[in-house]
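Asker: Chains as they are written, first to last, in numbering that gives the first Met the number 0: chain C, 0 to 184; chain V, 0 to 581.
Keep in mind that the hints were calculated from the coordinates and are not lab data. One or more hints might be untrue.
Computed cross-link-like contacts, DSBU-like style, restricted to lysine-lysine with a CA-CA straight-line distance of at most 35 Å [as the list claims (entries may be wrong)]:
id: 1; chain 1: V; residue 1: 76; chain 2: C; residue 2: 84
id: 2; chain 1: V; residue 1: 321; chain 2: C; residue 2: 35
id: 3; chain 1: V; residue 1: 361; chain 2: V; residue 2: 236
id: 4; chain 1: C; residue 1: 35; chain 2: V; residue 2: 142
Below, a sample of chain C positions facing chain V; criterion: calculated Cβ distance under 10 Å [said to hold, decoys possible]:
id: 5; residue: 31
id: 6; residue: 32
id: 7; residue: 44
id: 8; residue: 48
id: 9; residue: 51
id: 10; residue: 53
id: 11; residue: 78
id: 12; residue: 81
id: 13; residue: 82
id: 14; residue: 84
id: 15; residue: 85
id: 16; residue: 89
id: 17; residue: 90
id: 18; residue: 92
id: 19; residue: 95
With beta-carbon atoms standing in for the labels, derived distance ranges [to be verified]:
id: 20; chain 1: V; residue 1: 527; chain 2: C; residue 2: 78; range: 19 to 25 Å
id: 21; chain 1: V; residue 1: 122; chain 2: C; residue 2: 78; range: 56 to 62 Å
id: 22; chain 1: V; residue 1: 199; chain 2: C; residue 2: 78; range: 25 to 31 Å
id: 23; chain 1: C; residue 1: 35; chain 2: V; residue 2: 464; range: 38 to 44 Å
id: 24; chain 1: C; residue 1: 48; chain 2: V; residue 2: 440; range: 38 to 44 Å
id: 25; chain 1: V; residue 1: 121; chain 2: C; residue 2: 35; range: 40 to 46 Å
id: 26; chain 1: V; residue 1: 577; chain 2: C; residue 2: 150; range: 34 to 40 Å
Glycine is no exception: its CB is placed at the ideal position from the N, C-alpha and C atoms.
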Amino acid sequence: MSDQDIITTDIEPATMLELTPPEQPLHTLSVLVNNKPGVLARVAQVFSRRGYNIESLVVSPASDGNFSRMTIGARGEEDGLEQIKAQCQKLIDVISCYDHTDHNTVSKELALVKVNCGPDQRGEALQIGEHFGCKTVDLTPDSMILMVTGDSGKLDAMIGMMQKFGIIELVRTGKVVMARGMDLT
Amino acid sequence: MKNLEVFMIAEARDGAQTLLKCLEAGGIEVIFGYSGGAALPIFDALETAGTNIKFVLTRHEQGAAHMADGYARATGKPACVLVTSGPGAGNTITGIMTAHMDSVPMIIISGQQVTWMLGKDAFQEADIFGITMPIVKHSYLVKDSNDIPRVTKEAIHIATTGRQGPVLIDMPKNISQGPCNAPLEAEIDLPGYTPETAKDVDASVISSAAELLAQSERPVILAGHGAMLAHAGPELKELAETCKIPVVSTLLGKGIFPENHDLSLGMLGMHGTAYANKAIVEADLIFNVGSRFDDRIIGQPDKFGRNARIIHIDIDPAEFNKMIRPDLCIVGDAKVALAQLNREIKPLETEDWLKTLDTYKKRYPLSYKKQGGLKMQHVLDVLDRLTESRAVVTTDVGQHQMWAAQFCKSLAPWDWISSGGAGTMGFGFPAAIGAQLGRPDDIVVAVVGDGGFQMTLFELSTAVLQKLPVKILVLNNHFLGMVRQWQELFFDNRKSGVDLEGNPDFVKLAEAYGAKGFQIKRPADIERVLTQALEYNEGPCLINCEVVKEDNVFPMIPAGAALEDMIVEKPRHKMEKPIGST
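Please model the entire structure based on the sequences and the hints provided.
Answerer: In C-alpha cells:
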C-alpha cells in the first residue's frame with residue numbers, strides 16, 4: 000500500500016515531519032547492535048558528524064538479550080546515507096545494518112494522541128478513531144487518549160483528522176520494520 | 000622483593016597488574032605515558048607486576064601519544080599510551096586523532112575516577128570515553144576488574160587487525176586497584192567484528208582485476224598507506240615489474256615501492272611530482288592499492304580519473320564509493336589480494352606509456368635554486384644524499400613536510416613517518432623519539448619547522464633521558480610557511496598570524512636540555528654540519544637551519560582543483576581563492 004492509499008483527508012499532516020525537503024525519500028536503517036552502554040551514542044555520531052538528522056529512533060532488546068535492535072528513520076542524499084550505512088556497519092558494536100526503503104518490509108508505528116474534546120465532540124472523535132482502528136486508552140470529561148497503530152502514513156492521516164478537536168499532546172514511537180518472509184531485517 | 004615473590008606465587012593480582020600482564024602477553028613492549036592520581040595503581044603495577052614492558056616517561060601526554068604512533072609506524076607493532084584521568088586523558092586527543100586518521104594501531108589506557116563518582120564532576124573526572132568516541136576505532140569503560148583480561152585482549156585484537164587504529168581503555172581507579180580473579184587468558188567476544196573475512200578475497204573479483212589490467216595500455220598503480228600496513232611491498236613490486244606498470248604513492252605510501260626504482264613516479268597530489276599527477280590524469284587504468292582517495296590526492300572528485308577505469312583494493316569496505324566510485328572494488332588485505340592477482344597476470348605492452356612518462360620526468364623535474372640564501376630543499380637534498388636515503392624521516396606539517404616528501408627518497412617501508420590525514424603540527428619530533436626507540440640501530444631524523452617544533456619541544460627531556468640519537472632538523476624560516484604561501488598566492492600577500500617573531504635560540508635551547516646543538520646558516524655549511532650531526536650518537540642533537548624566510552612549494556594543485564590544473568611555478572597573475580579547504 001502506498002501513502003496515497005491511506006491519506007483520507009486533505010488536512011495537512013503534522014508539521015513535525017517537515018524538517019527536511021520531502022523529495023528526499025525516507026530511509027529506514029535496521030541496526031542490530033550489542034546491548035551495551037555507549038552504543039547508541041556511537042551510532043548517533045555517525046549521523047551527526049555528517050549533518051544528518053535522525054527523524055525517528057526505536058531501540059529495544061532483540062530476541063537474544065545480548066543484542067538490541069535499533070530502527071532509525073532518516074532522510075538525506077543517497078550518497079551520504081550509503082556512507083552512513085557503511086560507517087555504522089564498521090562500528091565494532093554493530094552486528095548488522097540494513098537499509099530498508101523498498102516494500103519488502105512490514106513497517107509499523109504506534110502513537111498516543113491526547114485529544115481535547117468535551118461531551119459535544121466526543122462522539123465524532125470516537126467515530127473517526129474507529130475508522131483508523133484506534134483504541135481509547137484514557138477518557139476524561141474534557142479529553143481522551145487514542146492509541147493508533149499502523150504504518151506512518153496512516154498515523155499522519157489520523158493525527159491530521161484529530162487536529163480539528165485540538166491535540167493536547169502527541170507521542171509517536173517511531174516506526175519499526177521487519178523484512179518479509181525469510182529475509183533478515 | 001620477598002613479599003613480591005610471595006605475592007606472585009599466590010597469583011593474587013589486582014586489576015592493574017592483570018592489565019600489564021595482559022598487555023605484555025598481547026605483544027606490547029613499550030608504554031609511553033605520564034602519571035597521575037587516577038592511574039596510580041597502574042603506575043604502581045609497572046613496579047610490581049613483573050613484566051618486561053619498557054616505560055617511557057614523557058613531558059606531556061600529547062607527546063606520549065605521538066611517540067606511540069611513531070613507534071608503531073616505524074616498527075609495525077603497536078605501543079601503549081598510559082595517562083591519568085581528566086586533563087591527562089584530554090591531552091592525548093590530538094595524538095589519538097592523528098593515529099586514527101592514519102590507521103595507526105595504538106592502545107590508550109586512561110586512569111579514571113572511581114566508578115561511583117562517574118558523572119558527578121569529581122576531581123579530574125572527564126568523560127574521555129565520550130570525548131574520544133569519534134576518534135577511536137573502539138573504546139571501553141571497564142566496570143569490573145574481572146573483565147580486564149578480555150578487554151585487553153579485544154583491544155589489542157581490534158587495534159591491530161582489519162583497518163588498524165587506536166583503542167582506548169578507560170580504567171576507573173577502583174577497577175585497577177580491585178582484585179582480579181579472572182584467568183589471564185580470556186576469550187574475545189566480538190560478534191560484530193569479523194575482519195578475517197576480509198582476508199578471503201573473492202577469486203572472481205581478482206580475475207576481473209587481471210582482465211582490466213590486461214586491457215589497459217596506460218596503467219598506473221596508486222600505492223597508499225594500506226599497502227604499507229598490509230606489508231604488501233614485495234607483492235606490489237612483483238605486480239609493477241611483471242606488468243611494467245609505473246607506481247605513484249600517496250604521502251603515507253612513501254617507501255612501499257622504492258622511490259629510486261625506474262618505475263617509481265614518486266608522490267602524487269597537491270604537492271606531488273608533476274609526472275605523478277600527469278600519470279594519473281593520462282592513465283586509462285588507476286589501480287589503487289590501499290589508499291582512501293584522500294582529498295589531497297584527488298583534487299576535484301568528479302574530474303579524478305574520469306578517463307580511466309579504477310580498481311580499488313581496501314580492507315575497509317566503507318572506503319569504497321566514499322570519495323571515488325571505482326569500476327572494481329576488492330575488499331581485502333592488500334598483500335593477500337595482490338598475491339592472488341600476481342598468479343593471474345601477464346606482462347603488458349607499456350613501453351610507449353613509460354616513454355611518455357619519462358619525457359615528463361625530464362621536462363618537470365623537482366628542482367630548486369641553490370643560490371639566493373639557504374633553502375629547505377637544499378638541506379633536505381643533502382640530507383638524503385648523506386644518509387643514502389636510508390634514514391627514518393619523521394615530519395611535522397607544512398612546507399618542510401612537502402619538501403621532505405619530495406627530496407627525501409623513501410626506499411623501504413616504515414622509513415617515512417608523517418601525519419597525513421590529521422596534519423598535526425608538533426607530531427614529528429615525538430614521533431621520531433618513538434621511532435628511534437623501536438629502531439635503535441637506524442638513523443632517525445625529525446624534519447620539523449620552527450612552528451611545529453615549538454608545540455612539542457619539551458620532549459627534548461625525554462629524548463635526552465633516553466639517550467636517543469634523534470637528529471632534530473629545524474628548518475627555521477621564522478614563519479608558518481605554508482599558510483604564508485597561501486596568503487601570498489590567494490590573499491594578496493596579507494600576512495596574518497604567520498610571523499613567528501620571538502623564536503628562541505634553538506641551539507641554546509637544545510643545550511639547555513642537555514642536547515647537542517648545531518647551526519646551519521649558509522649553503523656552504525650544509526654538508527659539513529649535517530655530517531657532524533649524523534655522526535653524533537651520544538644523544539639527541541638539534542640542527543637549526545636559518546633558511547630563507549619566503550619560498551613556495553611547487554608543484555601545487557590548489558585545494559579542490561583538478562589534477563590537470565596543477566601549477567609548477569609561481570603564476571604571474573593573481574589566483575582565484577581555492578574552493579577546497581586549505
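Asker: Of the numbered hints stated earlier in the document, which are not met by this structure?
Answerer: 9, 10, 20, 21, 25, 26
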